[in-house]
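**Q** Letter by letter, the chains look like this.
There are 4 protein chains.
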Amino acid sequence: MDYVYAPGKNHLFVPGPVNIPEPVIRAMNRNNEDYRSPAIPAMTKTLLEDVKKIFKTTTGTPFLFPTTGTGAWESALTNTLSPGDRIVSFLIGQFSLLWIDQQQRLKFNVDVVESEWGQGANLDILSEKLAADHSHTIKAICIVHNETATGVTNNLATVRKLLDHYRHPALLLVDGVSSICAIDFRMDEWGVDVALTGSQKALSLPTGIGIVCASPKALEASKSAKSVRVFFDWSDYLKFYKLGTYWPYTPSIQLLYGLRAALDLIFEEGLDNVIARHSRLGTATRLAVEAWGLKNCTQKEEWHSDTVTAVLVPPYIDSTEIVKRAWKRYNLSLGLGLNKVAGKVFRIGHLGNLNELQLLGCLAGVEMILKDVGYPVKLGSGVAAACAYLQNNIPMIPSRI
Amino acid sequence: MDYVYAPGKNHLFVPGPVNIPEPVIRAMNRNNEDYRSPAIPAMTKTLLEDVKKIFKTTTGTPFLFPTTGTGAWESALTNTLSPGDRIVSFLIGQFSLLWIDQQQRLKFNVDVVESEWGQGANLDILSEKLAADHSHTIKAICIVHNETATGVTNNLATVRKLLDHYRHPALLLVDGVSSICAIDFRMDEWGVDVALTGSQKALSLPTGIGIVCASPKALEASKSAKSVRVFFDWSDYLKFYKLGTYWPYTPSIQLLYGLRAALDLIFEEGLDNVIARHSRLGTATRLAVEAWGLKNCTQKEEWHSDTVTAVLVPPYIDSTEIVKRAWKRYNLSLGLGLNKVAGKVFRIGHLGNLNELQLLGCLAGVEMILKDVGYPVKLGSGVAAACAYLQNNIPMIPSRI
Amino acid sequence: MDYVYAPGKNHLFVPGPVNIPEPVIRAMNRNNEDYRSPAIPAMTKTLLEDVKKIFKTTTGTPFLFPTTGTGAWESALTNTLSPGDRIVSFLIGQFSLLWIDQQQRLKFNVDVVESEWGQGANLDILSEKLAADHSHTIKAICIVHNETATGVTNNLATVRKLLDHYRHPALLLVDGVSSICAIDFRMDEWGVDVALTGSQKALSLPTGIGIVCASPKALEASKSAKSVRVFFDWSDYLKFYKLGTYWPYTPSIQLLYGLRAALDLIFEEGLDNVIARHSRLGTATRLAVEAWGLKNCTQKEEWHSDTVTAVLVPPYIDSTEIVKRAWKRYNLSLGLGLNKVAGKVFRIGHLGNLNELQLLGCLAGVEMILKDVGYPVKLGSGVAAACAYLQNNIPMIPSRI
Amino acid sequence: MDYVYAPGKNHLFVPGPVNIPEPVIRAMNRNNEDYRSPAIPAMTKTLLEDVKKIFKTTTGTPFLFPTTGTGAWESALTNTLSPGDRIVSFLIGQFSLLWIDQQQRLKFNVDVVESEWGQGANLDILSEKLAADHSHTIKAICIVHNETATGVTNNLATVRKLLDHYRHPALLLVDGVSSICAIDFRMDEWGVDVALTGSQKALSLPTGIGIVCASPKALEASKSAKSVRVFFDWSDYLKFYKLGTYWPYTPSIQLLYGLRAALDLIFEEGLDNVIARHSRLGTATRLAVEAWGLKNCTQKEEWHSDTVTAVLVPPYIDSTEIVKRAWKRYNLSLGLGLNKVAGKVFRIGHLGNLNELQLLGCLAGVEMILKDVGYPVKLGSGVAAACAYLQNNIPMIPSRI
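Protein chains in written order, with full-length UniProt numbering: chain A, 1 to 401; chain B, 1 to 401; chain C, 1 to 401; chain D, 1 to 401.
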């Protein structure tokens, strides 16, 4: 493993997987257990109850699949839709692109609404499509809450408003992979039918749990959905929920204990405080980018993401070189530009269990790297801008006052 | 978590998930990392190369899916077959039953060959079916190498011989979940087309990696297989293998380091020594069962499993009570009897990173429990039988001589 | 580290350091912290309060020295005595011998009362000495509660009775290294003036905390004790206790959290239940030894130790060979015979966080080793005897009923 | 433990205990072992050999005491000196003060050479004393290499030169607690007779090993030194070194494995690179302090410490408030001003396994705190100054090029 050794902490600022808090690492530091003993179902029960809180739902039914976000996508789609179903899906960056690719390969009839990368979902077009769809051929709207490739947050409340306005029965399926537990998300209030996230994002766990939450309407839809599915089928889980044994197949013991600890930490901090902290980190990052004289890939403030900032570099700089250098010289892990924005943006992930001084160290590092690659940054400028904001806005740590 | 505390080690003798060796727990005790840095692909490359050794293949292509054995099943089937394809599948216990259920729900035309639980796959019927199948309507043979519910090991070499004898082109898909890394398995020699296992079995890791290994013939078949698949699709992996970045979506960093450590330990002990150790533990367990005057659920010696022993209890005893009592009084985790053998058998899993004295502690515990529930066992008799065999057969630990 | 790898768990049955429970290993799996932050004193306060419970004292003052048992000895002596002071000390095995060696090198006038190894402290001689000591030249009685080398437990209640009978003011200094938290110990009731133990014994932690508990009388004595001391001086600790910062120099953060977890586990099980469990394990071990036809080094039942059993081997066997073989062939760690009993005894430590099935695995291993070295043991006999007793006496695990 | 929870990493910048690297935490994440098995002596042998490298000695004999720096002090003194011996000792801050207090309580005749706090040892006075000491009444010179309370590094080469110049046979005893492994230290070249450090400092381990290294001359002196000692006696260790079992009493298994890992990391980075990294971090910190318009407690550049910077605050600010606020608002742990400089300085520890971006995060935090407490700092100024230097001086990480 010598290949990667470098002194000090790795500064992990990719938008996932993110830093795991020490208490969670500790909770997972354990041997396997029999998942059929009374202990694991007892714990699972609390997990299912508590995980609903991070979706802000009381009526939803959560599933903890031993999978990734990609698997969670598949579970959301195959349990609610049948091959050939028309769905409206928004393409605004690499991750929405990949989801659409999955939707197409799963044989749905995907009505793609594309935006320029850096813009949010085009809801005007959605409005038009809903208005025109008198016969309700649209079975679902698929939308990422936060596009991780460009740092764009979509307005889900507006989507719901449009559906309500047109009294359209389409299901609303939301990829909350890089938003849930970090950006305000309200499953019940916004009438989201399936929401999903992955453990390695704002929950700050290792990869391995794809969390899917289904509304009563989605559960109803699953009864008639014809897509072929077994591993990702909700019905097996529902059967074992009823039995009180919860697991149709073997879960990861370690991740269950880790999830328990992660939820405990989130509730101890307070979910709203967690979201406020992400807002603070996002704002500080954007202020630094501005101070550096660089542009945010996100074109309008309304779409600014509090979990990831994609920074546009001048044409004479290759953003890939920035990411490489960050890792090779500063033990800093930044996100690459992907696909259409490859070489043009680098990304700073600021989600999960992270505090302000960690971010400031990252920002200082980015400044030095920018200088390394020939961009005429004023060293300290971004940090100064971020500090000026943070010094006025960081609250005292409640448990330490 | 108070609900489960008990002094001392939990004696984990379910047939999975199994005991994780301390060096592997240590290797996984870590923060997340950027899986797009040069470090993770460099390590992944060694994993893919080394994991082939535990399948005894040089020509196979392995896939490390972030899933369980159930997901690995699905990957094996959907990548090689098309809906409606005829497959011959052997029902000999709960896990082959579940696989068959999956096969049916995935819309294959499953030709089920059922045996009494406790017997191996009926290869005579396979022979008949192959003999009759002049037009090669059978696209695949699906067989569990080791049925975990009954402790039955099937003879794969014979299956291959039959296929060769009839020059039948059917794919051979093998569930090696509770055999690979513990019971002799020879992918290349036996012409297995897809073999699969799960990380939480003999590899002695947490749940979370479904390892699937495909022969060149299986890879070829995947090009025309029409089953719908995305998350479990081999083609995405193959694309990223070519790019040298390896991962179409986020893997578990912790499990990759854990797998590295697990493989290192297996190679340090020597795969053949690992298999010999399992044979020793299996034999010792069977001798104990015999000494107790109980019957093995496995009806013939040729099917005896070296990874799990299902013990039949007399009709006046409920085996579920044995398992409950083991956990509640002795901190011992045994396997329940499942489905048809519920209440009739309890199971001792003796696979993974386990040594003789651990097993003897378990056997002593089982003796006391048998007495607890009213079976007239002679205390010490099973341990005595096991010790008599082991004392003659345990080798010196090579690294300590 | 390859030198030691062996599959499965190491069976750790030396009488210290002992097995650490998983929750304690987890609690210690952490980075350093500033021990001058408010957090560490807050935790230390609970530790000092709770550690008194394992000494069964309400009036004692505990000290958590970053040292071993040997250092705790030194602290007990140098804080209460002056060079030249006459002390009565009992030599009954290797650890009392080492303590006496320390007492002599610290320049005390040691009045050694020797017993044959395998016997307890000769309290008749103590009685005589106290009776004769009208001028109270004896300043302290030094006694090991449990002699780890021979498995002998001394009767401290009788020592107190004698002191009371003769109204003798000598301090009573007790080495409880291999007894406290495992064998009934009553500091206040028995009028013990200094009691001490080490973290790696029945508390089931790593080595590194020497716990010393001083009675009010001992504290008073420390004010005039002339022995030179700094690191082990109580007065520095007392000063920092008053300040509420607790630590005159840097403690181990990890061990403090570990101690917190260890105490929590002990209180969860119940200290009396912990002691009962040790009694059960001690009895089971002695029954096995008897069944093997071997003798306990401890010559009378009244001295039998519930934390360690020293087993005498026949003259034609070298007990060192048994210990070597245990480690090399069975991954079992047994204790050597020391000094006078080298080659003549091997020791089974049965203290700390241990349960019955672990012990039974060890006993089965010992049987095979005995056979290996040519002793005509009946395999299974010891386990049978132990099981017969245990099956009648193990209680249900309270948290699992 | 809720009392201390705060999101994200704790920023640990006290001058010890310091951040433990993840590989070292992993190495220590283990159960106890029998330290009398062949494994521990085999590892200990490598530790003793390798630990000499961090002292830059080939002729020294190291001892790994289960203790702290305070205990290591005591071991150095009591093994080489007799009560009443005259020693010259330099008082330049809180830690040299504490050592002198120990020297006096151990009954040496301490000739204290005091400097103003913020200055180094007064070597002119040493020169005078040596010149005057024709009869060699001075038995030892005691000096801290780096005074942790004020951030002052003494010039040991000059001390040696003076001793050589006057051909004075006094022993040279050096406290290297906050220097060894971070600041250039050359035991053999500088003729140091006893050097010592603690595991929780630049070695980046938990507290618990006091490492003492003795020159042949010191070993010789120990034969006639009359100070009473047992726990800290070198002779017991030397006896066990000869036996090849190494340990007179129980070591911490976890710390031994941790030390092995810590040394491996240091050698992988290269000891000279480790020292250069500390120089870089020290320089960057001092540049930031200068940019903030604050003074370093250290009065001359020649004494500047590369492991800790004590920052003087203006009289209208209480430095204790800075430290409190750092912890309560920013999850940043800074060092308090001690004793004479209490309230006047706060300390930034920059030693151990630490990298530049970690330090920059700390510096940004300090800027905000300075503003919090009313000091008119220009936000970003210190970070800018540090970055300007670092961006020109950080090398590429060798293992990642």
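In case anyone wonders, no lab produced these hints; they're calculated from the structure. Take these hints with a grain of salt, some might be off.
No copy labels: a pair is met if it fits in one copy or bridges any two.
No farther apart than 30 Å at their CA atoms in a straight line, the calculated lysine-lysine pairs in the DSSO-like style are these [unchecked claim]:
1. K223 <-> K107
2. K340 <-> K239
3. K52 <-> K378
4. K53 <-> K161
**Q** Tell me, in ascending order, the numbers of any earlier hints that this structure violates.
**A** Hint check: 3 fails alone, others pass.
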